[in-house]
Amino acid sequence: MSSLTRKEVEEIAFLARLHLEADEVSAMQTELGAMIEHFKVIDGISCEGVEPMTHPIAIDLPLREDIVEPSMSTADALRGAPKVDGDLIVVPAIIPGAE
Amino acid sequence: MTTAFLSATEIARRVKAGEASAVRILDEMMLRIQRFDRELGSLLAIAGDEVRATAVEIERKRKANEPLGPLAGVPIVIKDNIVTKGLTTTAGSKILAGWVPPYESTVVERLRKADALIIAKANLDEFGMGSSTEKSAFKKTRNPWNTSHVPGGSSGGSAAAVAAGLAAAALGTDTGGSIRQPAAFCGTVGLKPTYGRVSRWGVIAFASSLDQVGPLTRTVADAALLTQVIAGHDPRDSTSLDQLMPPLDTVGQVKGLRIGLPKEYFADGLDADVRKHLDATIDALKQQGATIVDVSLPHTALALPAYYIIAPAEASSNLARYDGIRFGKRAEAQDLLDVYMKTRGAGFGPEVKRRIMLGTYALRSGYYDAYYKKAQQIRALIKKDFDEAWATCDVLLTPTTPHAAYRFGAKATPLDMYLGDVYTLACNLAGLPGLSVPCGLSDGGLPIGAQLLGKPLDEQTLLRVGAAIEAAVGLGDKRPTGIGGLA
Chain A
1346 MSSLTRKEVE EIAFLARLHL EADEVSAMQT ELGAMIEHFK VIDGISCEGV
1396 EPMTHPIAID LPLREDIVEP SMSTADALRG APKVDGDLIV VPAIIPGAE
Chain B
272 MTTAFLSATE IARRVKAGEA SAVRILDEMM LRIQRFDREL GSLLAIAGDE
322 VRATAVEIER KRKANEPLGP LAGVPIVIKD NIVTKGLTTT AGSKILAGWV
372 PPYESTVVER LRKADALIIA KANLDEFGMG SSTEKSAFKK TRNPWNTSHV
422 PGGSSGGSAA AVAAGLAAAA LGTDTGGSIR QPAAFCGTVG LKPTYGRVSR
472 WGVIAFASSL DQVGPLTRTV ADAALLTQVI AGHDPRDSTS LDQLMPPLDT
522 VGQVKGLRIG LPKEYFADGL DADVRKHLDA TIDALKQQGA TIVDVSLPHT
572 ALALPAYYII APAEASSNLA RYDGIRFGKR AEAQDLLDVY MKTRGAGFGP
622 EVKRRIMLGT YALRSGYYDA YYKKAQQIRA LIKKDFDEAW ATCDVLLTPT
672 TPHAAYRFGA KATPLDMYLG DVYTLACNLA GLPGLSVPCG LSDGGLPIGA
722 QLLGKPLDEQ TLLRVGAAIE AAVGLGDKRP TGIGGLA
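Residue numbers (my numbering), protein chains in the order written: chain A, 1346 to 1444; chain B, 272 to 758.
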């Protein structure tokens, strides 16, 4: 039994910027549904007044002086990009239909 | 005589003493890889000329009486979600296929500085998401003890390579058990250090508040040796602890030590064969003067739902960077949104998609408090359980896994697979150090692991108890025989 509708799965996939084929949507409905069912066990646990633990260690955000230090060259940084033009990364039109 | 199963400690000693040649050790390991890894499937990219040049340089330094590092000539494989400058790094994912990193991870930089030989990258479940290495986009890794069984995961390639004598040691990563569980399945030692002990700079992020790098080795002493090299503060990782790693020893001395047995880890669902070996381990420790204490970690059962909310939530955010723009594969598309959708749809495998979806579900507006925030509150309760346990014991002993390695395809649904992580997850949620040490072979001839969980920063006690277990009930000279000629 799934607690997720097809439309919900498609909405989540869009939020995650993930294209799913029709059969993947069906599989997600079943599999995510089962996981969400399993998660229901936490509903019954009282956490009144418990501070959420975002991180395993108490550590202050370390700061350093704002001084330029040597870092990766532009050429190295761009080497893995699928498409470049000089020092720029080339991407398709941001607005559909625009050049 | 083969050097394939020498410990890292012994290889470094021989190389430094001039009793063994780094070049010959490298050549033998490369021959073994060629001979056995076609069937084992533990490795992805293999290093070429550059590692040979390193071995030649080690020989030169030795002959010139220049100082050599603690890992001189030790052949090491690196899980492929740890970046290696100039050596292809994929995280086991099609979305990063062929990516050659322009920078070095801190851990590999430290291994190189210690004169290790970085010989290859090890297979893994895609982005570390899985418990059997079946989720790698590239190949299946087999368990060297029985090739119809999984090696565990996600550091399955690292564990299989070390167990099979294709490397003296390996680095893995552990987000919910990914070092300890494959170590248990393949009969190696695996240490997940305290969160923050080891730099995550250059480690491809899965769940940033849980991920930690650690060694997989054939001996407890080797685990200590590698941990000593890779641990320590790194200004490039803001979660790296500014704490010196004290010199570690592996004196198997447990007299007077209070070893806690959490009852929740010995309840229903634990395989009888595993239980039998754990009982023998407990008896051995008792005989050596340890005090055995019964303890309770009452929120243990909630670790699984808490982990499978928190880890996917962090993953859904971390994996947003794979968008086909700056690195990795890009799908052909008409506009930018379409590039994102299609690149990610084509580049990620089913398990990664499932976790991104789960994480996005848990984090979305209106659901955040019910899932993510609640899971973090449960995480606090789990940590509190451990804090209270330390009042009555110095270290905890549990099974690493509910059963020995299973056959390929045995876990029918994703949830079945997740349930196998039941004993390893809480350690990551609480940020504690955890060690898996072999404690015998099952009736079916597969390794079984005992897990030690320690106080934050107390890797030392884990290694001492681990050494005692190794000496009393470890695998000794037993070697995997799943592939002909391996041992």
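Since the hints were made in silico from the structure, they are not lab data. Do not take every clue at face value.
As the list claims (entries may be wrong) - Between beta-carbon pairs, the in silico distance windows are:
hint	chain 1	residue 1	chain 2	residue 2	range
1	B	Lys-411	A	Val-1413	44 to 50 Å
2	A	His-1400	B	Ala-543	37 to 43 Å
3	A	His-1400	B	Asp-565	48 to 54 Å
4	B	Ser-567	A	Asp-1388	19 to 25 Å
5	A	Val-1370	B	Gln-558	56 to 62 Å
6	B	Ser-419	A	Ser-1391	58 to 64 Å
7	B	Lys-411	A	His-1400	50 to 56 Å
8	B	Thr-684	A	Leu-1408	30 to 36 Å
9	A	Val-1395	B	Asp-539	25 to 31 Å
10	B	Ile-317	A	Thr-1419	47 to 53 Å
11	B	Arg-678	A	Val-1395	57 to 63 Å
12	A	Ser-1418	B	Gly-527	53 to 59 Å
13	A	Ser-1348	B	Asp-539	22 to 28 Å
Even for Gly, the Cβ is constructed at its ideal location relative to N, Cα and C.
Tested hints:
Evaluation of the 44 to 50 Å hint for B:Lys-411 and A:Val-1413 yields a pass: the beta carbon distance comes to about 47 Å. Between A:His-1400 and B:Ala-543, the C-beta spacing of about 39 Å keeps the proposed range 37 to 43 Å intact. A beta carbon spacing of about 31 Å between A:His-1400 and B:Asp-565 contradicts the range 48 to 54 Å that was offered as a hint. Between B:Ser-567 and A:Asp-1388 the C-beta distance comes to about 23 Å, which sits within the given range of 19 to 25 Å.
Between A:Val-1370 and B:Gln-558, the C-beta spacing of about 58 Å keeps the proposed range 56 to 62 Å intact. A beta carbon spacing of about 46 Å between B:Ser-419 and A:Ser-1391 contradicts the range 58 to 64 Å that was offered as a hint. Under the hint 50 to 56 Å, the C-beta atoms of B:Lys-411 and A:His-1400, about 36 Å apart, miss the expected range. Remark: the range hint 30 to 36 Å for B:Thr-684 to A:Leu-1408 is contradicted by a beta-carbon distance near 46 Å.
Checking the proposed 25 to 31 Å range against A:Val-1395 and B:Asp-539 shows it holds: the Cβ atoms sit about 28 Å from each other. For B:Ile-317 and A:Thr-1419, the Cβ-Cβ distance of about 30 Å falls outside the hinted range of 47 to 53 Å, so the restraint is violated. Taken as a hint, the range 57 to 63 Å is violated for the pair B:Arg-678 and A:Val-1395, whose Cβ atoms sit roughly 41 Å apart. Separation of A:Ser-1418 from B:Gly-527 is about 57 Å and conforms to the stated range, judged on CB atoms against 53 to 59 Å.
At roughly 27 Å, the beta-carbon separation of A:Ser-1348 and B:Asp-539 lies within the given 22 to 28 Å, and the hint holds.
In terms of the numbered hints stated before, the structure departs from hints 3, 6, 7, 8, 10 and 11, listed from lowest to highest.
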